[in-house]
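S.K.: Single-letter residue listing:
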Amino acid sequence: MLTRLAELPLLVVLLGLSGAMALVPAIYALAVNDHEHARNFLYSALILLVLTVMLGIATAAYSPRDPSRSHLSALVLAYAVLPFALALPLREALPDTSPVNAWFEMISAFTTTGASVYPPERLADAVHLWRATVGWFGGFLIILAAYAILAPLNLGGTEVSSGRVPGRGAVGTAQVARTADPAVRLTRFALMLFPVYGSLTFLLWCGLLVLGESGTSALIHAMGTLSTSGITGSTPFRDASSGTAGEILIFLCFAFAITRRALPGVRLAENRRPFLQDPELRLAALLVLTVTLILFLRHWFVATEAAIDASEALSSFWGIIFTAASFLTTTGYVSTDWQTATLWSGIGTPGLVLLGLAIIGGGTATAAGGVKLLRVYALLRHGERELEKIIHPNSIGRGGIEARRLRREGAQFAWVFFMLFATSIAVVSALLVLSGVDFEQTMVLAIAALTTTGQLAELGAAQPIAYQDLTDPVKIILGVSMVVGRLETLALLALILPGRGRT
Amino acid sequence: MKVIICGAGQVGWQIARHLSGEKNDVTLVDMNADLVRRATDTLDVQGVVGFASHPDVLAKAGARDADMLIAATHSDEVNMVTCQVAHVVFNVTRKIARIRAQNYLDPLYGAITNQDGLAIDVVISPEREVAEAALQRLAAPATFDTESFMNGRAQLLGIQLTQDCPVLNTPLRQLNELFSTLRAIVVGIRREGRLFAPDPGDQLYADDQIYVFTHFEDVNRALEIFGKKTKKQERVVIVGGGNVGLAVARALETRTDRIRAKIIEKDRATAERAADALERTIVLNGDGMDIDLLMEASIDRADAVLAVTDDDKTNLLVAVRAKQAGCQMTIALVNDPTLAPLMAPLDIDAYINPRATTVSSILRHIRHGRVRAVYSIGDAEAEMIEAQVLSTSPLAGRLVRDIEFPEGVLVGAVMKGDKVLKPTGDLRVETGDVIALFAMAKDVPEVERLLQVSIDFF
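As given, the protein sequences belong to chains A and B, one line each in that order.
Here our numbering is used: position 346 in the first sequence is 346, and no number is missing along the way.
Here our numbering is used: position 242 in the second sequence is 242, and no number is missing along the way.
Hints are supplied without guarantee of correctness; some may be wrong.
Pairwise CB distance ranges, derived in the manner of DEER restraints [as the list claims (entries may be wrong)]:
| no. | chain 1 | residue 1 | chain 2 | residue 2 | range |
| --- | --- | --- | --- | --- | --- |
| 1 | A | Gly383 | B | Asp311 | 23 to 29 Å |
| 2 | B | Gln115 | A | Gly399 | 36 to 42 Å |
| 3 | A | Ile390 | B | Val88 | 54 to 60 Å |
| 4 | A | Leu314 | B | Asp267 | 55 to 61 Å |
| 5 | B | Ala101 | A | Ile390 | 47 to 53 Å |
| 6 | B | Arg301 | A | Gly399 | 25 to 31 Å |
Examples of chain B residues toward chain A, derived with CB under 7 Å [what the hints assert, rightly or not]:
| no. | residue |
| --- | --- |
| 7 | Ala271 |
| 8 | Leu293 |
| 9 | Glu296 |
| 10 | Asp300 |
From chain B, some residues computed to sit far from chain A (all C-beta separations above 12 Å) [to be verified]:
| no. | residue |
| --- | --- |
| 11 | Lys262 |
| 12 | Ala297 |
| 13 | Pro345 |
If you are wondering where the hints come from, they were derived from the structure by calculation, not from laboratory data.
The model shown is predicted, which means the values in this text are computed figures rather than measured ones.
Glycine included, every Cβ here is placed at the ideal spot set by N, Cα and C.
Just chain B, with the same shape it has in the complex (with noise of 0.2 Å):
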């Protein structure tokens, strides 16, 4: 498939470095040379060099024959402009942009992007995805990493095994007839920075992460087998207004259980646009890493601080010292994935990383079949992808113990109709059931090979 990607920022960069590592005909186009020229490099791109909105920097990239153009500049309004150009003039099939600003996204004016308007077939909003992601991780404390799945009646929880688990050193398969009513099962399991997909022999050990595919109804309980407790948050500070944080804290203050948010930010102009879009939150001007003004959020006594600047190492140090101060809970965003391994030393519990938000999304839509969600997992190790199955998939009318699934892949759970059942052996999949698997990378081929129409469909 040849892609065009128009922007090498982060987001655009991440998902070339995907879509070209999955053997895609992929051009990226920036303004600066000195990234194309890094990403022609590092990356199996192509690259040009120019306004991606131009006419004729997008021939010069190729989109007369592209089958796909992803815009992700950092401008909403070129990223606009790039897929109607795209439209208009080339014709290309597939248009996603990322738009920021949440007024375009209203649905009140959603003929903005359709058909008529812009031509935008997928809009990803990164900022909206994350203050999901940050919201997911504040509803469920004890997890370092979650995404729900299935119109949310499925999620995926990324938990740290401690001494006091009760779990440890018991065969997965054990743990499967002990609990047989527990609809959860652990897909993936990190051990000493490897990530495997387990047999049933394999037995869990302290210091594991470990990812934990359940039912909604059994997240409680399937935290509480792994040795967390849950407990509500009720005061949250916010470090951090920009967009994701103020989505942050306009969902909280939606939400019924009256959550006490407080934002610290550092630019007075932001700081003030947040102030105006908030009835109930505090909004605190200064440097986050003040320890006067954390203490004047009353950090000490907050139940979680969750560190959404710009800035990675901001984060990180925020988390780290809202930790010190008395917080029970920190998360951080971190952009950077090579930083993950520093949450443990660190002693945050959890990381957002956009990319990998924005990038499960993009990914969504550039995958074969019917797939409904993919979400990519730790440093793009291993993919979450959830699928309808169709009648010409070689899945479709067999036993979940019958189909091949390659070494590293693992079925997280089957949805019939709108019911959620835990995969077992004698589970026949269907047409039109969903499908969840997890797939370590080097087998996602193979899984789109599984949830692709056969040849003969044709």
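If we strip away everything but chain A, and leave its shape as in the complex, we get (with noise of 0.2 Å):
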């Protein structure tokens, strides 16, 4: 049955999969005696599994020429395709609001960027659960596809570490005489990560909850965390009831978004090196801290006044840590402390610093956006071992062959995709300017949405910028740009680059 499930067109699946989300807002309504939500998103998830059913029947003798790039593309189109079919239960709870606004508000829960175009007051919690599980089914698709389709086609930062081109399957090797079919792939790992991710999900929501959140809260939060969409409920993060224990829970599942050596029981084929020598974990835990120092230490070097309050600085160290590790990860949730911090380091606008922050983004392979942890690492690494070749021009670097491939191959695809990323940013801005949005504003909004990091919005630039005024065509804009930067741009290229045929 599952099998003969996943055989079907990964589209019709990921539709199938959708409508089946839509209940969960649905149970959830009916349960707090919303009755009109609760029809709302029952509708909804019928119409779309009765779709699935319809396509399902019609695609069943579907086989594609090249599998593995059909799962990519069919992965691209998912984002062109399904944020259309998770607005229909928003269109259906909210009658007043613009196609556009509904498709934004979707594709930026889809590709966990959690940028919102309603104010929380004016959406009810069944919708604002249903904008979290959106998420959260956003992430996890990331995390699976990081896996099942990315990884086999050298795409997604494996290509970093394997130092082959990107876009291109393995060599063959004569004693390879069959390797798995994607749909077999994405089968595997998907029975082998969604436990992981629920069972997370679902401790972090218990957590939140002993904590004393409500249960709504708890699990939006759960959600928006494990996929680092940041998406809150109608109150903000910062007014979270479990306050700093509650973000220091959170702050430990930051770690997923890190590195996917976090996630336990996900067996990786290679090198293991004990958890803390991750360098992904270290260059995360190394930036954090850079920044944090930096904006806790200003405080001296600004401050008028002589006293100082411990539990001030206290508080506002944690808020410093906590909230550069949320836009590392490209999450988004804003510490309590931070307003606390932004007085205390006496820089107006430490924004930048969380711009900065998100761009570098978090590990690979899993749902953080941005250039990713592992490629800045190779750069380093490379940067590094030229400042060694300055000295001794014929010296041999060391840390065996798979440090030698980061550094040369896997340094040279990071650059690569780092300039896809400026340019992309460029290219976005561009088209934001032109759409008539101001030059400081068109840099956050390009950055939030290429680094997914929606909330961005609220705190790069000096004032808030609010996703609700600005006009269509900047929406669509962006809208688009949160895929490209989901998808990241070499997955993108690999796919409309000529020579796909080719094997």
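Join the two chains into one complex using the hints; note that each chain is given alone, in its own frame.
M.R.: Here is the structure:
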């Protein structure tokens, strides 16, 4: 049954799953006696499921010429098509909203960006839950895709460690008589990853519940953390009732967006170093600590008053460390103590630091966006090596074959990606300027969309940017750039560029 | 004694030469028929052509009644299997294997070579021994040859005397009285290419090469007396990053005195392997003869250069070039012992002969009695033998002056318990003592007789 289902085109499967997901807010709304929303979500779910069945029957005999590439195109198509399907229940729930708004809301949730065009109080809890669920689903999809679709094609960060040309599969060897079918691979990884992803969300939910958050808000925050969407319910995250204890719990869960090694029970083929020596984890710790120390110590350079309040210092320290980690993982939750921290450090707009962190992004094969830590790490190693070479031009770098590959081909691909990322920021900014957005805002909005950290709009610029004030073309540009940022330019290029028929 | 030697390479050949010279029944096994024929032509050995580990080849070589098998082919694995075949099929009593790969030698996996495993009685690792020799040379920069004895408590130093040596033209007996607290003794002198054991009345001249056997605490003092300054080595350049170079660099890294080493290796893959295995040492890839590369390794400021590539000529030339560029001290690895006389004209301070070290360690297991160490001096002209005195030995219980040593034999030191004593005429050699003897090659059988179990033991 499961294998039969998995053999259907990926897009159809995803459509069916979206329908099934819509049942979550439906059940919730029913439970809180919000019958109107329950009905809306149930009907939408039924429509999507019926559509799925029909499409499933129609495409049952579909067999693509190149299965691994067909999954890549299905993944891209999913980001093109699914937001419309996902917007269906939203349109039902909010009859007065415009189609562009509903689409933007859903694509922003689905790409785990978490930008919202609606003021929180306008949406019912069930709708908030739907946004969070979509984000959660999107987060899982991107992790799964990284393992089952992008990794075999040498995309999504794999190209840095493998050192092979992205967009191509591994070189065939005679003894590998049969490579796993992508559909089989997808099922296998889904069965491996989903229990972990699901139970971690459940555990975080329980943890937040214990710490005093309400059930809905705890679930939304748990989903928002694991998927790095950073979606919140009707109350902003900084007012969450779990307080600093809840923040600590969420902070620990950022590890899942920093390195894929953090996911328990996931087998990785690569060389296993001790967890704490994982380069991504170390780099992330270094970045967060550096930012924290700079912002924290800045107090002593700018502070006019001599008296230092210990509790204020402590809470601003935590505020910086949490928020920095949150934006590094492109989640976008802001600590309760961030306001204290801003005052403490005396920088009017520390948002710029957060923009930088978000560009670096989280780990490869996690739900985080951005350039990815592994690529930055490869570039750093390469740079370090080049410096060594200035002193000893003929010296040989140490670290073994993997480190060497990371420094050479890996750094090269990382650099290509970095350039593509920079180019996409430039292109998106240019398009936004052309659509009439103020220049300072375009930068922040472009980075927010490309790194899938929607919350940057609130903190990145001097004045918070409200998504609801943007015009429709701007929203469409941002929505598309979210997909570009989510799927990584390299993957899109691998799909579009000529020669895609070659294997 | 009937000995089978597998592999007629550098080590195999040298052992065959040694053992056949001592009237043993030696059979040499090698795949290369040419090499085997040359061996049977030049040495007093029998030859068998074939693959060493194949039982029929071993049978043809007479493994059934062999007393010892030495597996010294190029492949570790062949050596291991050869020993096991010799053990299982032919029940050869003593099996010695040369094993290069350090991983097999890790004490963690010691079970590999014991009786239940591959049944190898003695493992010899030339690279490790050569690396040790190189380190000893580095530690005693003013000597051209060193070897430690008596668990490291005594040292044999080879010293080249120059004009500025303060003790020239003095009889040794007088020197002994002059420096009565110095626990050192001159055991051999090479004058105009001829090595001999000195008499107390002999004098030292400039350009003599002398071998001094000394207590390890007196090494620096002894060097000073013979006009050599000791200087700490801080910057070392190693040319050749193979097993030897790597082992030396690794040993230098573990030392506490923070020696900064650089390795130059021509082969990229080998260089990468070395770089991966080392923590601080800088590995450079390129030709060690290239002056630009040598300057990159800052050879002009280096305290010592160690040329340990697998090619003798490269080693010699690198050493010369480094000296010319300003390096203080040069040490070269030289496989061909006939090149040894070139060291002085080329101004190379010291050389390591890997065969001498390897052959020494194999010989130690062949000698009779309780021989603990044998070091072959020069081109097998003499040996330094360290042995335990058995109760049945003619030495036991006698004063040093009463023992009838042959003309070419000198006592270097006697170790009682763990105290190393300078030999004097009225020192009594007792059962259980360890004695170090310098013996000219022609006197080795007589020394063996002295150390051997007497007939009445049986």
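S.K.: Now tell me if each hint is right for this structure.
M.R.: Results of checking the hints against the structure:
A hinted range of 23 to 29 Å is violated for the C-beta pair glycine 383(A) and aspartate 311(B), which are about 37 Å apart. In this structure the supplied range 36 to 42 Å holds for glutamine 115(B) paired with glycine 399(A), their Cβ-Cβ distance being about 40 Å. Range check, isoleucine 390(A) to valine 88(B): about 58 Å between beta-carbon atoms, so the 54 to 60 Å window is met. For the pair leucine 314(A) and aspartate 267(B), the beta carbons lie near 57 Å from each other, so the given range of 55 to 61 Å is met.
The hinted range of 47 to 53 Å is not satisfied by alanine 101(B) and isoleucine 390(A), whose Cβ atoms lie roughly 36 Å apart. Restraint check, arginine 301(B) to glycine 399(A): a C-beta distance of roughly 28 Å satisfies the suggested window 25 to 31 Å. Annotation: interface hint on alanine 271(B) holds; nearest CB of chain A at approximately 5 Å, less than 7 Å. Satisfaction of the interface hint for leucine 293(B) is found here, the shortest Cβ-Cβ separation to chain A being roughly 6 Å, below the 7 Å cut-off.
For glutamate 296(B), the interface hint holds, the least distance from its beta-carbon to any beta-carbon of chain A being 6 Å, beneath 7 Å. With 7 Å as the threshold, the beta carbon of aspartate 300(B) stays out of range of chain A, its nearest partner Cβ sitting at about 15 Å, so the hint is violated. At roughly 8 Å, the least C-beta separation between lysine 262(B) and chain A is not larger than 12 Å, which violates its mark as non-interface. With a least CB separation of 8 Å from chain A, alanine 297(B) falls inside the 12 Å interface cut-off, contrary to its annotation.
For proline 345(B), the non-interface assignment is confirmed: its Cβ lies about 31 Å from the closest Cβ of chain A, beyond the 12 Å cut-off.
Checked against the numbered hints given earlier, this structure breaks hints 1, 5, 10, 11, 12; the rest are met.
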